Every structure is written in structure tokens, then in C-alpha cells.
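Trainee: Residue-level listing of the chains:
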Amino acid sequence: MSRLTLDTVRHVARLSRLALTEAEEEATRKELEAVLAAMDAIAQVPTEQVEPTSHALLIGALWRADTVRPGLTNEEALANAPQARDGSFAVPRVIE
Amino acid sequence: MSTELTDLSLLELSNRLSEGTVTSRDATEACLRRIGEVDGTVRAFLRIDAEGALARADAADARAREGARLGPLDGVPLALKDNFLQEGRIVSAASKMLEHFVAPYDATVVQRLEGAGAVLLGHVNQDAFAMGSSTETSAFGCTGNPYDVTRTPGGSSGGSAAAVAAREIYGAMGTDTGGSIRQPAALTNTVGLKPTYGRVSRYGVISYASSLDQPGPLTRTVADAAAMLQVIAGVDEKDATSAPHAVPDFSAHLDRGVEGLRIGFVREHLGDGVDPEVRDALLAAAEAYEAMGATLVDVELPYSRQALATYYLIATAEASSNLARYDGVRYGHRAASPEDLNALYARSRSEGFGPEVKRRILLGTYALSAGFYDAYYVKAQKVRTLIRGDFDQAFQKVDVLMGPTSPVPAFKLGEKLEDPLAMYLMDVFTLPCNLAGLPGISVPCGFTGGGLPIGLQLIGRPWDEAGLLRVAAAYERHAPHHRRAPTL
Chain A
1 MSRLTLDTVR
11 HVARLSRLAL
21 TEAEEEATRK
31 ELEAVLAAMD
41 AIAQVPTEQV
51 EPTSHALLIG
61 ALWRADTVRP
71 GLTNEEALAN
81 APQARDGSFA
91 VPRVIE
Chain B
1 MSTELTDLSL
11 LELSNRLSEG
21 TVTSRDATEA
31 CLRRIGEVDG
41 TVRAFLRIDA
51 EGALARADAA
61 DARAREGARL
71 GPLDGVPLAL
81 KDNFLQEGRI
91 VSAASKMLEH
101 FVAPYDATVV
111 QRLEGAGAVL
121 LGHVNQDAFA
131 MGSSTETSAF
141 GCTGNPYDVT
151 RTPGGSSGGS
161 AAAVAAREIY
171 GAMGTDTGGS
181 IRQPAALTNT
191 VGLKPTYGRV
201 SRYGVISYAS
211 SLDQPGPLTR
221 TVADAAAMLQ
231 VIAGVDEKDA
241 TSAPHAVPDF
251 SAHLDRGVEG
261 LRIGFVREHL
271 GDGVDPEVRD
281 ALLAAAEAYE
291 AMGATLVDVE
301 LPYSRQALAT
311 YYLIATAEAS
321 SNLARYDGVR
331 YGHRAASPED
341 LNALYARSRS
351 EGFGPEVKRR
361 ILLGTYALSA
371 GFYDAYYVKA
381 QKVRTLIRGD
391 FDQAFQKVDV
401 LMGPTSPVPA
411 FKLGEKLEDP
421 LAMYLMDVFT
431 LPCNLAGLPG
441 ISVPCGFTGG
451 GLPIGLQLIG
461 RPWDEAGLLR
471 VAAAYERHAP
481 HHRRAPTL
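Quick mapping for you: the protein sequence lines, in order, are chains A and B.
Each residue of the first sequence is one higher than the one before, counting from 1 in this note's numbering.
Each residue of the second sequence is one higher than the one before, counting from 1 in this note's numbering.
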């Protein structure tokens, strides 16, 4: 397992939409590197014929009738909005 | 009167409510008084709705007077971990991100508990977003272990465990993703049950890792846990991962004992890293089971050595996806005056999330990112299959597995904060159960010389909570450690 670089940490932070300070970047790099070293053990486990498990006790799809039922009202959905306007969530300009 | 009342088990209280010798209002007021006396020290509760609780208590009393109690939980004061949505209440998963979030609907678990007449007193502390093993990552302060308040009650359901152990409440809901019900139970001399994955609906429970999370009860006795599970279990069409399996009577076999059962003992779980007093307590428990007529069988779970790595790759990957919803747009913390949309996201998230949550999101994102997805995430999912296979094989030879819940008793607050890995190792015995979807329980197994609780973990076959509870109850009858209350 190669060293975790600061570039990688910045890349992953960007993907996660997290803003790290320079100090946080280095601290994170060290911590993640140590954790990843512990994760490396599983690379040695032979898994050629093994299927991945995403759901431990697979039960198949749960169905219900396709009937419309009330959900949250517009008001309820906006109740926790940091900023709302005209029945919508307000955000900084998205399209220039 | 107050001390006696709060010392009762959930079912003991329930019996008195049926007999009419105690009212729900009496019990609720006793809990509130007890909380007033000790929670300044224990710090389990985040928010209490005394008025609402007393109103519900009065309603329960009216039903009791008519001889129309809804069931064993009617009128019983309970608490909720801070990740169970309760309509109209602030629910925050102990994170700054959701500090002012008002739940727009009830979790299914909450609906079922209220439908059964339970008096929900309030929300209790946890590690933020359920990520932790000590309740120290809560944004609202840490909780003390009632048996030694300089030590942790464990996590992430530390508030639930502490509130029950401190006799502030008769039972509490927790969630368990890697051990977060069972480990706190072990550290606080309480019973913590993680049901089979799919047994209890996750609808309205703030998500951490969707293929691992499972709500479950923390109580003082095994029978109490069975009673709570009875109310909350069962398929929910709002949770597509909840199982359509019939809900049996979980209390049906509590008195059957363990004669003729085969109990698997994983010897390597008593090796290095396990506190000698924990090891001794577990060996004594194994002897006790033999004396009760069970056959102890040595089993091996060779792939459980990989459980830590497997868990931390899968759980963090799922968490990175689940926590992507906290973007400052629709709810939760929003940064002030962001320059643009990206800044809105990045600053809101960085300000709202604590360091452990950020660490896990970054780890999970890395495990899923292009170039690493196969080596980390898919690989972990394959090893998960192998871990599950170990259990399938073991359950051909035995009916239940036993071992320590936690390798060590309650550690000092602050002791494991410098090294994330040291904290992750606290769950090394509980993680495999979540990966395999199996039901698991921790029951009080004794104390160290220093008075710290030790937990015995039992793991059962899928959907066999009744069998698991049976084996747990047998030990509890033999060694009722749960009766030893903390001195607060």
C-alpha cells in the first residue's frame, strides 16, 4: 500500500464536499494512512470465487400497491429550510 | 418510594401498573425526579419533554383504570437515542449539523412504542451520527458511566445505556451498526439486544450504514428486552429492508433453560488484547452454562480476524453515501454567506460535522473512489461473504455462540481519543455480527475488582431472537448481576 499523499486527501475531500484547513489536511493524511494500513490485511484474503455481499440476509423486493398516498406538504418540507422563498429552497446562484 | 420505583425492572413496573398499585404518573414523576438527582453527573439526557410525557402517563392511567391497558409497555417511561425521529421534536443524532432540526414525522419504532402506550420521556446522548464507541464524539458533551463517571458508558448508544443503568428510565432505544447497543450495555451492566438485520424497521432512524444499522432495546433485564422487541419488531412497508418474516413470541422460551443446547465458544476471542478479568468472567460463564446442562463446543471463526477492516470499509463507504444528504440546502446547518454553491456544501458540511464523522466520510469516499473501489469496497464485500460463511458453518455445530462483548471494561474518558484505531478495536467482537446480519445480545456477566461491569455476548441464528433470549435469560437467572445498581 503506497503512502497516502496530500493530493489524494485533497481529492477525496473535494469528492466529499468537505473543506479541510492545511493543518486538518496533514492530520487527516496521517490518521487515514494508519487506518488504511490496518485495512490492508484484507488484500491478502483469497476471494477469487467469492461473491460480494451487499445485503447479509437477502430477502428480495418488498412490494406494495402503486397507490398515491399523502407525503409531506410543501410547508412541512420547508419547515427546516435554512432559507426558503416562494415555496422553494433558496440557494446561491447555480447557473451563471 | 421514589428509589424503589425506579429500581423496578420494566416488567415489574408493568405488573404494578396492571395491579393498580402504582400509576404511570407515579413512575414518570419518579423518573423525572431521579433524572433531576443524577443526570447532572451522568449527562445521559439531551432533551426531555416532561409535560408531554406526563400527559401520556395520565392517558395510560385512564386506560389502566378501565382495565384496558394496551399491553406490557402501556404507561412505561422509556427514552430514545437521539437518532429516532419523533414528530415535532428536535432530533439531532448528537451532531451540530442537526442541532435545530425538528422531525417532520415519527420513526416507525416511535409509532409502535407510542401505539403500545409507552411514555417517551426524551432523547438521550450518543456519538454523533452513531459513529463511535464512547459517546465522546457527541457535539453536546460526553456521558459518564454510572458505575464510574470518569469513565465512558461506551457508544454509540452510551446515553441509552447510562440512562437505563442509572435507573433514570426503564428502557431505552438504541441502534447498533458495529456494536453500538451491545458494547455500551457491556460497559454499564445492562442488557443490549441487536435484532437480526431486517427484524426492526429503520424508517425514521437517522442512517449511518444502511446494510448494518439495526434499532434495538437497552434494558435492565432480558425479559424487558424481549418485551420491547415484541412491540417494535415486524415488517414495515416504509423500510424495504425490513423482513416479512412472522414475529414470534420472543418471551416464549425465556424459562426453558439451556439443557441439551450446544454453545459455541471462540477460544481465540480470549487471547491478547482481552483484559484478564474479562477473560476470567467469560470462562466462569462457560462453566456456568455447562453446569446448567449445555454442551460447550470449541468453534473457530477464522475470517472474523478480518472483521475490523471489512467493517470500516463497508460502514464508512455507506456512511459517505448516507451523509451526502447533509448539504445545507433542505435542512441542517448552512454556512453563512457562502460564495457559491460549492462553498455552501463544503463549508456547511465542514462546520456541521465533527472530526470523527469527517474522518469516516473521507475514508468511505476513498474506498469508493475510482481506482480504489475494487481493492477496497468490493474486496470488503467479498470478505463479508466469507465472514458470514464462518457463522453458517458454526451454526451447523452449535445453537448459539458466546464470548466477551468488549475486550476491556469501561475505559477513562479521553483515554482513546488520540488514536482512532484504538477506539475502533473496542468493537472487534461485536462487528462480525452486524456484517453477518445475525442477532446478538450482551448480558451482565460480573464485575472487575474495581467494580466495572463485564458483558457476555451471545450470537444467534438469523431470526432466532427467541432462542438467543432463552440462553441469555438462563445465565441471568444463574447470576443476576443486573441487580447490582451503581452508587450515584
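Think of the hints as simulated: they come from the structure by calculation, not from any bench.
Quantities reported herein were computed from a predicted structural model and do not represent experimental measurements.
Note that the Cβ used here is the ideal one computed from N, Cα and C, for glycine as well.
Please note that the accuracy of each hint is not assured.
[Stated by the list, open to error] Pair ranges (Cβ atoms, derived): (1) A:Ala81 to B:Arg47: 51 to 57 Å; (2) B:Leu296 to A:Pro52: 31 to 37 Å; (3) B:Leu296 to A:Asp7: 52 to 58 Å; (4) B:Thr150 to A:Glu22: 34 to 40 Å.
[As the list claims (entries may be wrong)] Partner residues aside, some chain B positions facing chain A, computed with beta carbon under 8 Å: (5) Leu54; (6) Val297; (7) Arg325; (8) Gly328; (9) Arg330; (10) Tyr331; (11) Leu344; (12) Ala346; (13) Ser350; (14) Arg384; (15) Thr385; (16) Gln393; (17) Lys397; (18) Leu435.
Trainee: All hints are to be evaluated individually against the structure, with a verdict given for each.
Mentor: Structure-based check of each hint:
no., hint, in the structure
1, A:Ala81 to B:Arg47: 51 to 57 Å, "violated (22 Å)"
2, B:Leu296 to A:Pro52: 31 to 37 Å, "holds (34 Å)"
3, B:Leu296 to A:Asp7: 52 to 58 Å, "holds (54 Å)"
4, B:Thr150 to A:Glu22: 34 to 40 Å, "holds (35 Å)"
5, Leu54, "violated (26 Å)"
6, Val297, "violated (24 Å)"
7, Arg325, "violated (11 Å)"
8, Gly328, "holds (6 Å)"
9, Arg330, "holds (6 Å)"
10, Tyr331, "holds (4 Å)"
11, Leu344, "holds (6 Å)"
12, Ala346, "holds (4 Å)"
13, Ser350, "holds (4 Å)"
14, Arg384, "holds (4 Å)"
15, Thr385, "holds (4 Å)"
16, Gln393, "violated (15 Å)"
17, Lys397, "violated (20 Å)"
18, Leu435, "holds (7 Å)"
Figure legend: structure checked against the earlier numbered hints; hints not met, in rising order: 1, 5, 6, 7, 16 and 17.
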